[in-house]
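*Asks:* Below are the chains, spelled out letter by letter.
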Amino acid sequence: MRAGFGSGNRGLAVRRARTLVRGIGPVLPAATVALSLAGLCLIWSLAAGFWPSRAFPPPLEVWRVLIKEAASGDLGYHLAMTLWRVAAAYLVAMILGSVIGVLLGTHRRADVFFSPWLVLFLNLPALVVIVLAYIWFGLTEAAAIGAVAVNKIPNVVVTMREGARALDFRYAEMAAVYRLGPLDRLRHVLMPQLQPYFAAASRSGIALIWKIVLVVELLGRSSGVGFQIYLYFQIFDVAAILAYTLAFVAIMLLIELVLVQPFERHATRWRRPA
Amino acid sequence: MQPAGVAPLKVDIAEKTFRSAEGVTIDVLRGLSFEVRQGEFACLLGPSGCGKTTTLRIFMGLDREFSGRYQLPEGSSKRIAAVFQEPVLLPWRTVEQNVRLALPPRFRGKNLDSLFEILGLSAMRSFYPSELSLGLARRAALARAFATEPPILFLDEPFASLDERTADRLRRLLMTVWAARPTTVLMVTHNLREALLLADRIIVLTPRPAQVLGVFDLRLSREFRDKRALDELVLDFHKRFPSSE
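So the protein sequences, as listed, match chains E and R.
In terms of this note's numbering, the first sequence opens at residue 1 and continues consecutively.
In terms of this note's numbering, the second sequence opens at residue 1 and continues consecutively.
It is worth saying that the hints were derived from the structure and are not from the lab.
It is possible that some hints are incorrect.
Think about it this way: if two alpha-carbon atoms lie no more than 25 Å apart in a straight line, the pair counts; the simulated DMTMM-like pairs of lysine to aspartate or glutamate are [to be verified]: (1) R:Lys110 - E:Glu141; (2) R:Lys10 - E:Glu173; (3) R:Lys10 - R:Asp27.
My request is simple: use the sequences and hints to build the entire structure.
*Replies:* As structure tokens, then:
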């Protein structure tokens with residue numbers, strides 16, 4: 001249900017985001033979701049029963065570890081650290097990426113000039129950016145978050161550039177004639193037109209960012225889900241690895257349901273028929 | 001707070017050319033000069049493609065590549081208002097929000113009940129533009145223009161692509177709201193009957209490059225411009241401007 005973040009899929013991503021905000025996602029009843037997840041757990045449980053192994057624990061075992069880690073406070077602490085890094089990197093990437101994307105989309109010459117840079121950054125492996133950031137800026141929080149943001153920015157730029165190219169000049173002219181101030185233009189003319197593109201970039205963004213944050217934590221931080229996974233990898237504790245992963249996935253799902261979808265429904269309310 | 005303009009619109013455009021993508025230049029306007037008097041309803045009438053819309057775009061400040069000058073009425077705020085060929089309402093804002101956004105921030109909260117009432121939009125204030133018919137959307141565009149109480153109002157074929165009955169109802173509505181909130185109006189149209197029905201004066205343009213062919217004064221009061229009178233006016237007009245249309 002997440003739109004692809006590949007640069008070739010922008011149109012598709014936007015279209016998918018639109019279909020989704022028109023109501024398929026939100027309307028999906030909670031009961032169906034619960035049933036579907038329960039089914040997955042059942043299959044997992046059966047499979048783990050057939051092939052009992054320390055490397056493939058059943059759901060109950062994972063649940064037990066989850067409770068234990070939560071009780072000790074470790075889970076909460078590491079989840080919070082990862083969540084804060086995701087949020088910070090997301091904010092930086094979305095703001096910088098949107099500004100750059102809109103500038104490129106509205107200035108042809110700059111676009112032509114910077115296009116090769118964009119291709120370069122799009123194809124720079126995340127791992128290289130992270131390693132270089134740690135080497136150049138040290139094992140700091142800022143280097144970690146910056147490295148994640150740099151990985152995400154080119155994707156945001158590409159999507160937002162597409163959005164800026166699709167801006168309707170008639171609205172800009174109306175705003176000019178009626179002397180709308182810069183803030184009004186941003187809020188009432190520009191942002192609503194870019195909203196579907198922003199939503200598409202944002203959706204693929206959060207998913208991508210949290211995966212990269214784990215790598216950043218694994219390589220150079222001493223807290224966060226990525227750090228914990230690395231720790232439990234060294235002692236081959238698959239149940240703990242799964243517990244941390246699933247806990248964070250659950251949080252992301254919650255954010256999607258509680259924050260992202262209601263916001264999108266609000267932002268696109270004018271699209272729906274009366 | 002009626003910011004009635006003091007000076008009329010004065011236009012003196014020496015030349016306006018368009019350069020196509022292949023580098024071909026077209027003269028759109030050449031030696032176009034005319035005036036619009038304080039508080040009058042003037043029409044720019046000319047054949048399609050003669051540069052009427054370009055002229056309005058220059059006045060609206062949307063096209064600055066021309067030689068010559070023009071002077072807008074010096075209202076308190078130098079604000080202008082326009083109704084475009086299409087309604088150009090922001091689809092993500094309600095009718096009322098669209099209207100209020102056009103106002104200067106200080107006046108955003110002002111009472112617009114009577115304006116919506118005159119234009120028959122009272123029940124649609126909280127509608128989104130996609131929920132309006134084209135006729136209603138044009139009314140909303142008119143409401144937005146009149147709400148700002150501009151020293152001058154530009155209308156660019158505001159009744160184009162409407163069926164004739166709707167267009168006629170809207171023309172009368174325009175007269176009503178203009179009577180309630182008088183201002184100087186310059187309307188562009190290629191529809192002679194529309195111009196004869198609405199205008200105090202018709203400024204007739206030549207085909208491209210546009211310049212003023214002549215001015216047709218309408219002395220007959222608007223309330224007497226029924227179908228018969230309009231037929232006669234059309235005849236008069238063709239006697240004065242045999243070459244046009």
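*Asks:* It remains to establish, for every hint, whether it holds in the given structure.
*Replies:* Hints, verified against the model:
For the proposed pair Lys110 of chain R and Glu141 of chain E, the alpha carbon gap of about 50 Å is over 25 Å, so the pair is violated. Proposed proximity of Lys10 of chain R and Glu173 of chain E is supported: the alpha carbons are some 23 Å apart, at most 25 Å. Pair hint Lys10 of chain R plus Asp27 of chain R holds up; C-alpha atoms about 21 Å apart against a cutoff of 25 Å.
Hint compliance for this structure: hint 1 alone is broken.
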